[in-house]
Amino acid sequence: MTRMTGAQALIKALEMERVDVMFGLPGGCILPAYDPLLESSIRHVLVRHEQGAGHMAEGYAHVTGKPGVAMVTSGPAATNLVTPLMDAYMDSIPMVGITGQVGTAAIGTDAFQECDTVGITRSCTKHNDLVMSAEDIPMAIRQAFHIATTGRPGPTLVDLPKDVLQNQMTWHWPSDDEVIASLPGYRPTTKGHPRMIKEAARLIMAAERPVLYVGGGMLKARAAEALRELVELTGIHVVTTLMARGVFPDSHPLNLGMPGMHGTATATTAMQKSDLLINLGARFDDRITGKVSAFAPEAKIIHVDIDPAEQGKVRRPDVPIVGDCRLVTEELIKAIRDLKEGGTVQPDLTAWKSRISGWQEQFPLTYEQSEPGSALKPQYCLEKLRDAAPEGTIVASGVGQHQMWSSLHWKFEQPYTWVNSGGLGTMGFSIPAAIGAKVGRPDRTVWAVDGDGCFQMTAQELVTATVERIPIKVALLNNSYLGMVRQWQEMFYDERYSEVYLSTDCPDYVKWAEAMGCVAIRVESPEEVEPAIEKANSINDRTVVVEFRTDSDEKVFPMVPAGMGNDDLIVHPSQQSIRDRLA
Amino acid sequence: MTAINVHGSSLNHHILSVLVQNRPGVLARVASLFARRGYNIYSLAVAPAEEEGMSRITICVDVDSSPLEQIVKQLFKLIDVVKISELDPRRSVERELLLVTVRATAESRHQVVELCGIFEGKVLAVAPDAVTLSLEGHPDKLDDFEELLAAYGIVELQRTGRVALPKLDRSARLRAVNSPNMKGQVG
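Heads up: the sequence lines are chains A and B, in that order. For the record, in the first sequence the residue sitting at position 14 is 14 according to this note's numbering, with numbers rising by one throughout. For the record, in the second sequence the residue sitting at position 31 is 614 according to this note's numbering, with numbers rising by one throughout.
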């Protein structure tokens, strides 16, 4: 019978869950938990803002597949964690939030730094729990990790009142059976229905214009290998959504890249003209489908998702399969092999493939190079960054134009090398997420690609990077504007620019970065781009910030205007005259 | 926000019988899910179920607000939700309780009490100008009673919201929504 405090039980429980690092910031109510942390094997990264702790936990989870842990105090700290929790919920990132709470006797009295944390986070967590007794801490932690990492992954939160952390308890570590028995309403389905899988295989073997529509669920299920096997077996083209970049190598001839609002013309159009969409772990997000009623009108749908609620939420599937994407893909491969061995022959895909390669040839990603003496083209900077990046480099992006350009122009060859905020679209995500990613994969180069708007939201975490010795690299594409909003105002609001200009040189990003202990480089002309990148890549003991002064007029193409169908996509102006050939 | 609709049996509603773990905040989870997803609740009744530690929530859902399938699937994602049964009104027993205070002077009191007698309700309290009645029964019966009393002037009225169970002789037709493909065995 080991007696200990609730706080000691918390830290021990986290160690039992094999947590090796957590991100956090102490404060009044969580104080008891920070004392036993001194004797713990767990590394704690002290952040400068609780939002940073949450995004770091997400970045860590993105690249390792392990749940990220953020620990903060009550009240404002808990509310600062809300954005990362929602971000993780939207992107199905396994994450465990631990928050302090006022003592049980003070709950409901509007005590100092009290807030209704479980109430506030109810709709942005997969599950949350207010623990009212120290004895319950180990079970609450086990449940939180179990729920965060199984089924459709997501964030969980455990709220711990101060006296619960201080009280004595008898240690008991619940068994797997006890955990499962304590959650009778939680039984995720992982194995796909055999009859549905057979039916899916039959549709795949009959399709003339099939497309594999691959989403983030394939990364969560660690299904990259299985996907590759399925593609080689069937010769079907792949589109990888924003959340799935890296799950299939961009260098593979059958990878058409990202589809959707800012997808490649070929990826978006191939889906549009398809007669069979094989959706593996994607969710028919509005950024993919455009106007739903006009989306892929001739396509039958196979939808594989571990979350039953995704089936039929947006587009009714012909073959719904609830299950783990890797297990289902492996079963699908077997079923297709069986059909092939039984003499079923796939239709000749040659005509479809030549149609696709025609689009690829005529509508490649393109941009105009900058005139001598004028501002840099962001795409050019990213291409140079990409070409100089060591193998396995991880890219963490913020949200906006730079995010779309990163996704489009980077060549992702390995899974878990792309970290971004897809569903929630959280500006300021990249720097803390990159720090979390670097903690998770210290062996890798981690580039945060950021915009000037995003940078100003979370740049203070570069102090964390310096002080905690987590050297990341930041490519700051400074176009002086909230670029994506500016693009919409230019295209859809008659160039009436309202509250989108930020300033070119205020703040002075170089001085700011240097003040935070970083090496900082400003790049203003094309010939400086490569040397600056080379210098950044050569510095591995400090964080480096490279500020690229980029062209504020540059826009992301292709683009499907909001509310329009994907047939209405706007290609780059230089391709607009041949737009009709995208048929 | 979730609208709590006024009573009226013309609405296109379905009854969901939701078995939940009786844990703090479980009703808030269900209610905030309905609010967040824009589903309308027509009536709601909650009480402990036969199994210890479990409660049964009977939700009458306005399916014009959203497809029932999505409502059920989203409810299932709540960790505390153990089982959901959709009860077809034609194959289930529904009951509700109504308390009402009606204006009733010496002249009209006998009419009100007579109505109450016809409906097999009870007189709970009498004052010089009002009576308080109770009536238990099928929600449609309560609707009728309420409509007839309206002519006398309703001072206050409270209904419990319906509770329901499948009819015994037709229990085989109860459509349990947790088919193996939606919520199966331990993964």
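Treat the hints loosely; a few may be bogus.
[Claimed, not checked] Distance condition first, Cα-Cα at most 35 Å in a straight line; then the derived DSBU-like pairs of lysine-lysine: (1) A:K384 <-> A:K313; (2) A:K198 <-> A:K377; (3) B:K705 <-> A:K191; (4) A:K511 <-> A:K334; (5) A:K66 <-> A:K353; (6) A:K334 <-> A:K313; (7) B:K705 <-> A:K334; (8) A:K198 <-> A:K12; (9) B:K666 <-> A:K313; (10) B:K705 <-> B:K660; (11) A:K377 <-> A:K411; (12) A:K12 <-> A:K340; (13) B:K724 <-> A:K66; (14) B:K660 <-> A:K198; (15) A:K535 <-> A:K353; (16) B:K750 <-> A:K12; (17) B:K724 <-> A:K191; (18) A:K66 <-> B:K705; (19) A:K353 <-> A:K377; (20) A:K300 <-> B:K660; (21) A:K411 <-> A:K191; (22) A:K384 <-> A:K334; (23) A:K511 <-> A:K384; (24) B:K750 <-> B:K666; (25) A:K313 <-> B:K705; (26) A:K291 <-> B:K724; (27) A:K353 <-> A:K384; (28) A:K555 <-> A:K384; (29) B:K750 <-> A:K313; (30) B:K750 <-> A:K300; (31) A:K340 <-> A:K377; (32) A:K191 <-> A:K535; (33) B:K666 <-> A:K198; (34) A:K334 <-> B:K724.
These aren't lab readings, by the way, just hints derived from the structure by calculation.
So, going through the hints one by one against the coordinates:
Annotation: proposed proximity of K384 (chain A) to K313 (chain A) is violated, straight-line Cα distance about 41 Å (limit 35 Å). This hinted pair does not check out: K198 (chain A) and K377 (chain A) have alpha carbons roughly 49 Å apart, beyond 35 Å. With a CA separation close to 56 Å, the supplied pair K705 (chain B) and K191 (chain A) exceeds the 35 Å bound. Of the supplied pair hints, the one linking K511 (chain A) and K334 (chain A) is violated, its CA atoms being roughly 59 Å apart against a limit of 35 Å.
Our distance criterion of 35 Å between C-alpha atoms is broken by K66 (chain A) and K353 (chain A), whose separation comes to about 39 Å. For the hint pairing K334 (chain A) with K313 (chain A), the CA-to-CA distance comes to about 28 Å; that is within 35 Å, so the pair holds. For the proposed pair K705 (chain B) and K334 (chain A), the alpha carbon gap of about 68 Å is over 35 Å, so the pair is violated. Distance restraint check for K198 (chain A) and K12 (chain A): the Cα-Cα separation of roughly 46 Å exceeds the 35 Å cut-off, and the hinted pair is therefore not satisfied.
With a CA separation close to 21 Å, the supplied pair K666 (chain B) and K313 (chain A) stays within the 35 Å bound. Between the alpha carbons of K705 (chain B) and K660 (chain B) the distance comes to roughly 43 Å, so the proposed pair goes past 35 Å and is violated. At most 35 Å may separate the alpha-carbon atoms for a hinted pair to count; K377 (chain A) and K411 (chain A) meet this at roughly 18 Å. Simply put, K12 (chain A) and K340 (chain A) have alpha-carbon atoms about 53 Å apart, too far for the 35 Å limit, and the pair is violated.
About 57 Å separates the Cα atoms of K724 (chain B) and K66 (chain A), which puts this hinted pair outside 35 Å; it is violated. A hinted pair counts as satisfied when its Cα atoms are at most 35 Å apart, and K660 (chain B) with K198 (chain A) qualifies at roughly 27 Å. The suggested pairing of K535 (chain A) with K353 (chain A) is violated, with an alpha-carbon distance near 43 Å, which exceeds 35 Å. For the suggested pair K750 (chain B) and K12 (chain A), the alpha carbons sit about 51 Å apart, so the restraint of at most 35 Å is broken.
As the CA atoms of K724 (chain B) and K191 (chain A) are separated by approximately 47 Å, the hinted pair breaks the 35 Å bound. Restraint check for K66 (chain A) and K705 (chain B): not satisfied, since their Cα atoms lie roughly 63 Å apart, outside the 35 Å limit. The straight-line distance between the Cα atoms of K353 (chain A) and K377 (chain A) is roughly 33 Å, inside the 35 Å bound, and the hint therefore holds. Our distance criterion of 35 Å between C-alpha atoms is met by K300 (chain A) and K660 (chain B), whose separation comes to about 27 Å.
At most 35 Å may separate the alpha-carbon atoms for a hinted pair to count; K411 (chain A) and K191 (chain A) meet this at roughly 33 Å. This hinted pair does not check out: K384 (chain A) and K334 (chain A) have alpha carbons roughly 42 Å apart, beyond 35 Å. A threshold of 35 Å between alpha carbons decides the hint, and for K511 (chain A) with K384 (chain A) the separation of about 24 Å falls inside it, so the pair holds. Simply put, K750 (chain B) and K666 (chain B) have alpha-carbon atoms about 18 Å apart, close enough for the 35 Å limit, and the pair holds.
About 48 Å separates the Cα atoms of K313 (chain A) and K705 (chain B), which puts this hinted pair outside 35 Å; it is violated. At most 35 Å may separate the alpha-carbon atoms for a hinted pair to count; K291 (chain A) and K724 (chain B) exceed this at roughly 46 Å. Taking the CA atoms of K353 (chain A) and K384 (chain A), the gap is near 31 Å; set against the 35 Å cutoff, the hint holds. A distance of roughly 19 Å separates the Cα atoms of K555 (chain A) and K384 (chain A); the hinted pair therefore holds under the 35 Å criterion.
As the CA atoms of K750 (chain B) and K313 (chain A) are separated by approximately 32 Å, the hinted pair is consistent with the 35 Å bound. Under the criterion of a C-alpha separation no larger than 35 Å, the hint pairing K750 (chain B) with K300 (chain A) is inconsistent with the structure, at around 40 Å. For the hint pairing K340 (chain A) with K377 (chain A), the CA-to-CA distance comes to about 49 Å; that exceeds 35 Å, so the pair is violated. Only pairs whose Cα atoms come within 35 Å are accepted, and K191 (chain A) paired with K535 (chain A) is rejected, the gap being roughly 49 Å.
Distance check on the hinted pair: K666 (chain B) and K198 (chain A) sit about 29 Å apart at the alpha-carbon level, within 35 Å; holds. A hinted pair counts as satisfied when its Cα atoms are at most 35 Å apart, and K334 (chain A) with K724 (chain B) does not qualify at roughly 58 Å.
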